[in-house]
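**Student:** For reference, the chains in residue letters:
Number of protein chains: 2
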Amino acid sequence: MQNFVFHQPTKILFGRETISSIGSESIVFGTRALLVYGSGSIRENGIYDRVMASLTEAGLEVIEYPGVRSNPVLSHVREGIRVAKEHRIEVVIAVGGGSVIDSAKAIAAGALVNHDVWLFFKGKKSVAGKLPLTCVLTLAAAGSEMNGGMVLTNDDLRQKFGTGNQHLKPQVSILDPEATFSVPLDYSVYGAVDAIAHILEFYFTTGDPTTPVQDRLMEGLVLNIMEACERILVDPKDYNARADLMWCATLALNGLTGAGLGPVGFPMHMIEHSLSALFDVPHGAGLSVVIPAWMTWRNEQNPLKFAQFARRVFGVLESDDRLAANQGIHSLKSWFKKVKSPVFLEDLDIAPSAIDDLAANAMDLARLWRLREYDQGIISRILQGCRRSGLR
Amino acid sequence: MQNFVFHQPTKILFGRETISSIGSESIVFGTRALLVYGSGSIRENGIYDRVMASLTEAGLEVIEYPGVRSNPVLSHVREGIRVAKEHRIEVVIAVGGGSVIDSAKAIAAGALVNHDVWLFFKGKKSVAGKLPLTCVLTLAAAGSEMNGGMVLTNDDLRQKFGTGNQHLKPQVSILDPEATFSVPLDYSVYGAVDAIAHILEFYFTTGDPTTPVQDRLMEGLVLNIMEACERILVDPKDYNARADLMWCATLALNGLTGAGLGPVGFPMHMIEHSLSALFDVPHGAGLSVVIPAWMTWRNEQNPLKFAQFARRVFGVLESDDRLAANQGIHSLKSWFKKVKSPVFLEDLDIAPSAIDDLAANAMDLARLWRLREYDQGIISRILQGCRRSGLR
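Chains A and B supply the protein sequences, listed in that same order.
Residues 423 to 814 (the working numbering) are what the first sequence spells out, left to right.
Residues 423 to 814 (the working numbering) are what the second sequence spells out, left to right.
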């Protein structure tokens, strides 16, 4: 196990009827609030009304800032920062999924500085603080509700970049599984895939082979995410299934799974971000295409961990490590198909002729994230493996 | 899954060479420090010198308060509170295991009030704050380094009581696995048993059958604790084994395992505390006697969870739930024997004639903790099951 610091002060309120606490949890930090949300689905499912009632009752003055889209964009965040500064906002309140929370983080951090917020994403400036942030989560996926990460797409440059910082962790996050009842099934699945991807990035990219505690934690989370996802497909209003998925997605990326692993990379996200940046596909849908291809490529170098994954998560009995590993990868790909998440570029309507452009785009992020193992040729090769008629 | 609040702000520094940070982590809270430790083993293994060097370098004025014993006593804490008040202590620094950290918590909380600290334990007063507390952990067992619990024995009344409160969580805990290299093997095992017991209390006393996320987390922790413990018995200086045990013991009781389970009880601890209070046996040694007997009693009422435990942790293949459950309990008892932790009252030199006194003592705690299921007859019956020639 490698040295680590684990410091996770975000307060989580989890369960039924917790949304009504957003007012009392937010007023602690100030009265002038910026309410960040998305395209308005929270108006349809009643969450907006419950949030506003709670905020009003607690005495908050609310400036609304809707319009965050999936794969949130820099231009919208820049305008949010301007609004936050203009209204001398004291607390930012995010109501939505990872896109909304990430946008709210960027606004909360950008509101305290005079330089362009994109400099944080380019690694040119470090986040030294942010306005207090409280969240109501409406999608189990990104884990942003309990970590210091944020991802934005620069709509001018077509770059989807992410960065992380201790100061970006929300002060409070409210997780009511019922808030996810109305999430469409395809996006529920993409959320599950995203959470699985976060775990697999840690699980397969750590260079430390002595992490049995973290391994079992992660294997258990993957199993539970898969089970919960299947139950949700049977009954989208299965409270416990929604709760299991929600809590697993949070735990997948709140620092716990990675603590002790040493340096890890996010190569599957690095490649997927190019799909989202160039073709605006849902993040989870892109991931289920990239994951099996990346695993197949990576497995050629290091089958041991893949074999363990195959045996513990999919019950593979094969004793040869390489064969077992391949069976595990095949099982995961089959599971993606079973829950109707895309597994080929063609499922995303991306022609194989785009692979060169995708690889070039991904290389920007590979450089920024210092994923030195990857060059454009390797990324292209992995993307070739995402074709229906892949190289293997 | 039940509603929960998860709020765990303790900062963990984990790994090699982390002890030298105790000074810089503590000076943040003030300069006048009370250094709480035990019988002086930290002087023998060099930890004392490293802590003092770090505190001195950071500029802390240190008042030493050693003498905490295993099963720490109220009288010593009361004197510590007097010393803390006399010297207007600003930060309490605990260097030791759960006994030392619990004593330091009680001193840190008691130093801020004018009433007797025992009132916290009797539930007559609530902890509303404490002096800042930083810890250097030297024993993997209690989990006190990352939670708000504390346990003390009232040496006048021979009562071992525990209480918990959000305010009691340490500000910072430093976990260096090498600090546990010199823990005697028997106490290393007792620590592992204590950590397993914490998990089993949650796992088997929740009334909610819909907690698959927490179940897998806990099963993984138990498996890892057992594996780490066996590796430590082979090589007490196996860094990774010490690290695995240390982190598992922390995670076992930092709020994560219990989040979402709803109300749980600590009946095995309730019964064990009577053994410690009346016979001063090591806590973990008492627990490995009580656990199989309690499980056997409890299994009669609810075999399903015990069968799941048997299958997932011990690989039991039996399809009948009750038989599988019994095999799991037997396997756990056999494992305690294998690692040389006591499994019978007689192993602790406690005569069966003491059972009535033990049950009467345990009832005090059963009432305080509101374990309404238990009366003296039931506790006696469970204790009878702890005899070498037990009822079953």
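Calculated from the structure, these hints are not laboratory results.
Among these hints, one or two may not hold up.
Pairs count within a copy or across copies, as identical chains cannot be separated in the list.
Think about it this way: if two alpha-carbon atoms lie no more than 30 Å apart in a straight line, the pair counts; the simulated DSSO-like pairs of lysine-lysine are [as the list claims (entries may be wrong)]: (1) LYS547 <-> LYS433; (2) LYS760 <-> LYS546; (3) LYS507 <-> LYS546; (4) LYS759 <-> LYS727; (5) LYS762 <-> LYS727; (6) LYS727 <-> LYS659; (7) LYS762 <-> LYS507; (8) LYS755 <-> LYS433; (9) LYS544 <-> LYS759; (10) LYS544 <-> LYS659; (11) LYS659 <-> LYS547; (12) LYS762 <-> LYS659; (13) LYS659 <-> LYS546.
**Student:** Hints first: check each against the structure and report whether it holds.
**Tutor:** Cross-check of the supplied hints:
Within a single copy, LYS547 and LYS433 get their C-alpha atoms as close as 27 Å, and across copies as close as 25 Å, so both meet the 30 Å cut-off. In this assembly of identical chains, LYS760 and LYS546 lie within 30 Å of each other by CA distance neither inside one copy nor across copies; the values are 43 Å within and 57 Å between. Taking the shortest alpha-carbon separations for LYS507 and LYS546, only the intra-copy value of 22 Å comes in at or below 30 Å, while the best inter-copy value is 48 Å. For the homomeric pair LYS759 and LYS727, the shortest alpha-carbon distance inside one copy (23 Å) is at most 30 Å, but the shortest distance between copies (32 Å) is not.
For a Cα distance limit of 30 Å, the shortest separation of LYS762 from LYS727 inside one copy, 26 Å, qualifies, whereas the shortest one across copies, 33 Å, does not. For the identical chains of this complex, LYS727 and LYS659 are inter-copy neighbours only, at 26 Å across copies versus 36 Å inside a copy, given an alpha-carbon limit of 30 Å. In the homo-oligomer, the alpha carbons of LYS762 and LYS507 never lie at most 30 Å apart, since the shortest distance is 43 Å inside one protomer and 65 Å across protomers. Taking the closest pair of Cα atoms, LYS755 and LYS433 never come within 30 Å of each other, the shortest separation being 35 Å inside a single copy and 38 Å across copies.
In the homo-oligomer, the alpha carbons of LYS544 and LYS759 never lie at most 30 Å apart, since the shortest distance is 36 Å inside one protomer and 57 Å across protomers. In the homo-oligomer, the alpha carbons of LYS544 and LYS659 never lie at most 30 Å apart, since the shortest distance is 41 Å inside one protomer and 44 Å across protomers. Proximity of LYS659 and LYS547 under a CA criterion of 30 Å is satisfied in neither setting, with 43 Å inside one chain copy and 43 Å between copies. Proximity of LYS762 to LYS659 under the C-alpha cut-off of 30 Å is restricted to the intra-copy arrangement: shortest distance 19 Å within a copy versus 49 Å between copies.
Taking CA atoms no more than 30 Å apart as the test, LYS659 paired with LYS546 passes in neither setting, with 44 Å inside one copy and 43 Å between copies.
Of the numbered hints given earlier, the model fails hints 2, 7, 8, 9, 10, 11, 13; all others are met.
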